[in-house]
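Residue numbers (my numbering), protein chains in the order written: chain A, 342 to 503; chain B, 342 to 503; chain C, 342 to 503.
Hints in this document: simulated from the structure, not taken from any laboratory.
Incorrect hints may appear among the rest.
A pair counts as met if it fits within one copy or between any two copies, since identical chains are not told apart.
Derived DSSO-like pairs (lysine-lysine); straight-line CA-CA distance at most 27 Å [unchecked claim]: (1) K425 to K461; (2) K407 to K473; (3) K383 to K471; (4) K471 to K482.
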Amino acid sequence: MTNVIDELLVERDIMRLNQTHGGLIDDDRLEEWPDLFTDDGKYIIQTRENLDAGLNGGYWMYHTSKQMIRDRVISLLHVNHYNKHYYRHFISNQRIVETSNDVYSVRSNFLVVQTDFEGKTESISAGEYKDKILLHNGEFKFVEKFVIADTFHLPTMVIMPL
Amino acid sequence: MTNVIDELLVERDIMRLNQTHGGLIDDDRLEEWPDLFTDDGKYIIQTRENLDAGLNGGYWMYHTSKQMIRDRVISLLHVNHYNKHYYRHFISNQRIVETSNDVYSVRSNFLVVQTDFEGKTESISAGEYKDKILLHNGEFKFVEKFVIADTFHLPTMVIMPL
Amino acid sequence: MTNVIDELLVERDIMRLNQTHGGLIDDDRLEEWPDLFTDDGKYIIQTRENLDAGLNGGYWMYHTSKQMIRDRVISLLHVNHYNKHYYRHFISNQRIVETSNDVYSVRSNFLVVQTDFEGKTESISAGEYKDKILLHNGEFKFVEKFVIADTFHLPTMVIMPL
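The shape of chain A in the complex, shown without the other chains (with noise of 0.2 Å):
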């Protein structure tokens, strides 16, 4: 019984991650965002037109540590006090599809949603999250979160992680 209460745990400690890491976003509170990632976690964006063309590359965003993570951030902390619009994750669909030691592979869909101030609400951004998540010290961060995006062409400029 304990393995099966471990395992709905897990789940919904994983499902918060994700959360947290698209109420981050959402919240404008990027700076903190950086740290839901090992030192070495990767931030990828690649879009699902080339995965399936077995393309290798094109990568739309490619961060191989969280000090190039940081690095975006920074970045778009000045560009972002312009901000015209609004973000908001929808996060579902959840499924550990692999454990290995301590490092679960999961994936999830992902809707963003954006509102400017005119008051359109359109979605900029479906796809899917195929993380890479360890366990450690009784925390969960990602050592690879990989983002599928359906498409490349978005209706307006996106320079915010997904």
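Could you slot chains B and C onto chain A? The hints should help.
Frame of chain A; chains B and C shown alone:
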């Protein structure tokens, strides 16, 4: 171990309250909706723009008791007779951010999608619920449902609760 | 306590079945999808307009066995060769509304988002699943997946299951 199971159950039951909230609105069973609140329960809609600007007031809806909520619903039931579209709530990213006695402070994201009779499906409001939820006699009720809509300007006139 | 844990597990496993349903369609692995149904499993799409109008019939899709579902899928696999867009399911607000022997009556909301190759992401269908799900030999399968689409009129021709 019991604590942990209780925690999972509380999260599940609070999620259910939110789902019931969305479900009653979507199913057009508004007359049952006020019963999700305590007698002194508040239902407030504010916009994120106003909140971020530090504005106090400018509420979209501001009901401070179950009776006020009920009055609102009764007036809607009349209008609703000519209703020409369907609503559908998507609630996700729920997390309990604070617990104090039997009151839980809970945040979640909502997306309300509207389908009209010509077949257009559009997002009419995205935002966040910041709720205070009371556990009383084994039942969860809203002490306060604070709706933060990402925008005030909607593509259509929305008179229903969000 | 065991009862309560069983309850949480059943909810989780039923959610997984729904996620697998959405995932197989989104991943374009339709050939595996019929196996989510029992041999006499039904897959029905009806519109909320028709249901609300008390119309019996006028179904969009009406398959009453796994074999019929499989036939449908085979015909889709041919059409699908020229597929020019991606689907993405968002399933939330799941609740078990009734349990009778090993059959669970479950409602949930779905949103299907389509991304075309020009980069437009749009909601093509929102609605509700009203499913009957059987637990047999430790596995959950659809005895009936009843899809209630909020509208019949879609922005694009949809031939895929919802």
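Against the structure, the hints:
1. K425 to K461: So K425 and K461 pass the 27 Å test inside a copy (12 Å) and across (21 Å) alike.
2. K407 to K473: within (15 Å within a copy, 36 Å between copies)
3. K383 to K471: Within. Shortest intra-copy distance 12 Å satisfies the 27 Å Cα cut-off; inter-copy 32 Å does not.
4. K471 to K482: both (14 Å within a copy, 26 Å between copies)
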